[in-house]
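Peer 1: Spelled out, the chains give:
Protein chains: 2
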Amino acid sequence: MASSTEENYLKVLFNLTQEKTEVPISELATHLGVSMPTVNSMIKNMQKNDWVIYEKYKPVTLTEIGKKTAALIVRKHRLTEMFLVNKMGFGWEEVHEIAEQIEHIHAKKFFERMDEMLGFPTVDPHGSPIPDKQGRIQELHYKNLSLAQAGNQVILSALADSSSDFLEFLNSRELKLGMELKILSREPYDSSMTVSYGDRKSETLSEKVCEKLLVRLVE
Amino acid sequence: MASSTEENYLKVLFNLTQEKTEVPISELATHLGVSMPTVNSMIKNMQKNDWVIYEKYKPVTLTEIGKKTAALIVRKHRLTEMFLVNKMGFGWEEVHEIAEQIEHIHAKKFFERMDEMLGFPTVDPHGSPIPDKQGRIQELHYKNLSLAQAGNQVILSALADSSSDFLEFLNSRELKLGMELKILSREPYDSSMTVSYGDRKSETLSEKVCEKLLVRLVE
DNA sequence: GTATAAAGTTAGAGGAATCTAACAAATAAA
DNA sequence: TTTATTTGTTAGATTCCTCTAACTTTATAC
Ligand SMILES: [Mn+2]
Ligand SMILES: [Mn+2]
Ligand SMILES: [Mn+2]
Ligand SMILES: [Mn+2]
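So the sequence lines, in the order shown, correspond to chains A and B.
Residue numbers are given in full-length UniProt numbering: position 3 of the first sequence equals residue 3, and the series is strictly consecutive.
Residue numbers are given in full-length UniProt numbering: position 76 of the second sequence equals residue 76, and the series is strictly consecutive.
Be careful, since some hints might not be right.
Subject to a maximum C-alpha distance of 25 Å in a straight line, what follows is the list of computed DSS-like cross-link-like pairs (lysine-lysine) [claimed, not checked]:
id : chain 1 : residue 1 : chain 2 : residue 2
1  : B       : Lys56     : B       : Lys87
2  : B       : Lys182    : B       : Lys108
3  : B       : Lys58     : B       : Lys109
4  : B       : Lys182    : A       : Lys87
5  : B       : Lys58     : A       : Lys108
6  : B       : Lys133    : A       : Lys87
7  : A       : Lys87     : B       : Lys143
8  : A       : Lys109    : B       : Lys44
9  : B       : Lys108    : B       : Lys143
10 : B       : Lys44     : B       : Lys108
11 : A       : Lys109    : B       : Lys143
12 : B       : Lys58     : B       : Lys44
13 : A       : Lys108    : B       : Lys143
14 : A       : Lys109    : B       : Lys133
15 : A       : Lys133    : A       : Lys182
16 : B       : Lys56     : B       : Lys44
17 : B       : Lys58     : A       : Lys176
18 : A       : Lys87     : B       : Lys44
19 : B       : Lys58     : A       : Lys133
20 : B       : Lys109    : A       : Lys109
21 : B       : Lys68     : A       : Lys108
Which chain A residues face chain B? A few, computed with CB under 10 Å, are given here [stated by the list, open to error]:
id : residue
22 : Lys87
23 : Glu93
24 : Gln101
25 : His106
26 : Phe110
27 : Arg113
28 : Met114
29 : Glu116
30 : Ile137
31 : Leu140
32 : Ala148
33 : Glu187
34 : Leu217
Calculated directly from the structure, the hints in this document are not laboratory data.
A virtual CB, placed ideally from N, CA and C, is assigned to each residue, including glycine.
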């Protein structure tokens, strides 16, 4: 049974291995907010528990067991976020910190009941996929908005950044998941985009913002 | 800020000081499932934090600060139990273990939202009072069913034991809080009582059970 | 009122998770 | 290809929470 600390290490590893499979110690240290020696010694324990593959001076890899264990924590995290938003009326910018704590609760039934009440959701309030009970996660092949062309119609489907700062920015522009955006133009100089959606006839979004918006093309 | 461990010590102290104000180290040890030396050293820390009054070889007393801190944890525990039963469909026998973990979550808003959704309840699913936001707890002056007389009409209002074993026993007899019971007779030999309630015309309850049922007399 | 038992304390140790300081290896730059 | 920088490791210490063994104080029994 993983401690809360180990669960946090597993979760960070899981999130960082969605792109490349290997994670350097330094990256774990920054993401977890602890020193490198701390990570070094923790990773040695986790290796004994068969959660990671590790060799001196080499980056860390999750084992299959580790991947599944991690996915089940991410599942609890994302189910919780969904529950807080859909059943308790929280804003999507408020839930991450709370879920960060509730994900460590050991009470299968509690999360099963959430899942039921929510109608077995497959994505969280930020559009990230919720791993299933077996720890399998579906690959969502969204496109970066910054890669869309003028004239395209897209549906805002997920976010590449779920920080409250970014979520509050999206709130201020009334941008929500599921919305249809029309790309009016793309400024070649700074890669900003002008789009329309909902009641907003023309909004300009910086490259930085567009890179964080994941979309699906309409047909 | 109290650690989860300290919070558990405070909560046990709070519960044990509802009767007598002083708690011996040995009692804390058994209720917390740790050794006496562990309690001894922990109590010394808690004394430095001004949560308890303690002198060598003397039993432990909560300070006003300690009492309030403890009450606010009990508040979180009982609000959670109420939420699990009334909003998530759990049975009253299932919720204590889950609440034991959730009570340590640091997210004011989370419990405030629960409180709102529940309509600001004053008692938990077992009839125990929920301390208010200031940590004040109301004294409920219920009577022990074992002290009732034949002929009395009473309302089952709270429980002196919330163990799942006892709650499952009550489930098997269809006994719920708020029910009106008529005391038909009282057997002098073993202090058992025969009562009627709901559809049940005649049920005999042992002294052990009656002592755990807290009731309010009907006028 | 002494002897026995129960309750409480001290001393010393260990595991988990963390740190800083010092050193070593790997990588990038000159 | 040396040198400098970045990354990673080791050693040693700290805090928190826990234990067992040994001892002391207080309470109970005779
Ligand atoms: Mn999150
Ligand atoms: Mn966490
Ligand atoms: Mn409880
Ligand atoms: Mn607890």
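Peer 1: In ascending order, which of the hints set out earlier in this document are inconsistent with the structure?
Peer 2: 1, 2, 3, 4, 5, 7, 8, 9, 10, 11, 13, 14, 15, 17, 18, 19, 21, 23, 30, 31, 32, 33, 34
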